[in-house]
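> Sequence:
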Amino acid sequence: MSALQIRAAARLLSLGAAFFVLSGPVIAATAAVNDAQMSAVHSSIDKAATRLEQKVIAWRRDIHEHPELSNREFRTAKLVAAHLRGLGMSVTTEVAHTGVVGVLRGGKPGPVVALRADMDGLPVVERTNLPYASTARDTYEGNDVGVMHACGHDNHVAILMGVAELLAGMKAELPGTVKFIFQPAEEGAPKGEEGGAGLMVREGVLKKPDVEAVFGLHISQGDPTGRVSYRSRGMMASAQRFDIEITGRQTHAARPWAGVDPILVGAEIVTALQSIVSRNVDITSNPAVITVGQFNAGVRNNIVPDTASLSGTIRTFDPDVRADIHRRITKLSVQIADAMDAKAVVVIDPGVPVTFNDADLTEQSLPTLRRVYGERNVGIAPRITGAEDFSFYQEQVPGFFFFIGARPPGVGADKAIPNHSPLFFVDEDALLPAVKAMAGLAVDYMASH
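Read in the numbering used here, the sequence shown has 553 at position 414, and its numbers run on one by one without any break.
The set of hints was computed from the structure by calculation and includes no laboratory data. Please read all numbers here as calculations on a predicted model, not as lab measurements. Glycine residues also receive a C-beta, built at the ideal position from the N, C-alpha and C atoms. Warning: the hint list may mix true and false statements.
What the hints assert, rightly or not - Below are the SDA-like pairs computed for lysine to any residue, each with C-alpha atoms no more than 25 Å apart in a straight line: (1) 310 with 174; (2) 482 with 548; (3) 194 with 365; (4) 217 with 279; (5) 194 with 250; (6) 310 with 586; (7) 470 with 403; (8) 482 with 434.
Said to hold, decoys possible - Using C-beta positions, here's what the derived DEER-type ranges look like: (9) 331 with 311: 43 to 49 Å; (10) 232 with 397: 55 to 61 Å; (11) 470 with 522: 23 to 29 Å; (12) 470 with 518: 39 to 45 Å; (13) 522 with 439: 28 to 34 Å; (14) 458 with 498: 14 to 20 Å.
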């Protein structure tokens with residue numbers, strides 16, 4: 140190969156040419172240049188992430204100590220927006236109430252990639268005894284509650300703040316644009332409000348500039364620190380809330396025949412709902428869950444009340460199964476109530492779709508995870524009946540969502556503390572590789588497209 144051919148191949152590469160016809164030797168030279176360039180980029184990412192590690196940990200502890208409920212993430216949003224502005228990004232605030240979006244335009248032309256972190260805490264009283272444990276309180280659906288980052292979103296925000304600083308530091312070399320999405324209300328907006336990823340999508344978060352691929356992660360003790368897991372296609376279930384309002388007729392509890400007992404009707408409905416999955420769903424191919432989580436009725440022990448209310452959740456992985464379950468919940472509830480001279484009204488919200496990893500994007504993402512975590516530490520996750528509203532982004536553009544392990548060394552899987560527990564905590568050693576992975580996914584995607 141001549142020196143001219145080598146220089147021509149290198150120039151094509153530097154201009155971001157995606158497709159061109161070259162002779163065999165020139166193709167080989169181009170690949171070699173590309174490998175060398177990417178190796179240097181990955182080395183820069185790793186070094187920058189290591190320098191940022193203590194910053195990320197400090198941000199995480201601060202956010203953990205000051206959690207905020209869904210659609211109320213005012214302090215967190217202010218912290219994030221100030222950080223992104225300080226990095227020279229174009230920043231939009233108050234997206235879907237409290238969301239923050241930063242746009243980092245690289246020095247070279249290329250695709251637009253989005254990285255997402257969720258910001259909200261949960262109505263949970265923390266019992267970890269950490270020095271930075273939350274003592275915050277707020278009002279949730281009319282109740283005074285403790286507030287805690289019991290699902291790890293404090294880590295997600297801190298990780299993405301670190302990625303933002305890392306990529307801003309190599310802005311001139313970035314072949315494309317990165318959109319940083321800091322999202323409120325992943326846990327679900329309070330009843331009667333809108334929020335979360337669905338509202339962000341409706342407000343145009345994936346537009347102007349138009350996003351081509353989106354990446355997200357979730358931390359847990361499901362895997363030990365240093366391991367990461369994923370699943371192509373359907374990974375996390377869809378989730379819908381259902382509410383059933385039962386109207387009977389109030390009477391003295393000593394004379395129940397003089398009224399209609401909505402508590403008894405509700406009890407029959409709860410029992411009947413359990414038969415839907417056990418008798419009407421082929422669970423060998425379509426896992427599903429129906430759980431009643433709330434049953435409220437009455438004000439006094441010797442009064443049969445007028446009304447009772449049930450609330451619960453539906454988890455499925457197949458749209459046809461989901462539709463059938465919705466139909467059966469409504470039919471059973473209404474007909475049981477009617478048979479007992481009561482009335483039942485069923486409301487099922489649209490909920491959250493299945494978290495569905497694009498198969499091609501998943502395959503393209505695996506080399507990045509394997510480089511950061513090592514081949515043996517990248518595994519396939521089982522289907523998860525938990526839900527994630529990251530799925531709303533994946534309905535619009537190809538998306539890849541993965542789990543990072545944060546169970547401390549020496550702690551067995553049987554001792555893992557689940558998310559949403561008041562005892563939930565993470566091993567902070569999990570944060571550094573997560574920063575490397577998210578930054579690497581963005582850069583590798585831009586470089587390969």
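> Kindly indicate which numbered hints from before are broken by the structure, ordering the numbers from low to high.
Violated hints: 2, 5, 13; rest satisfied.
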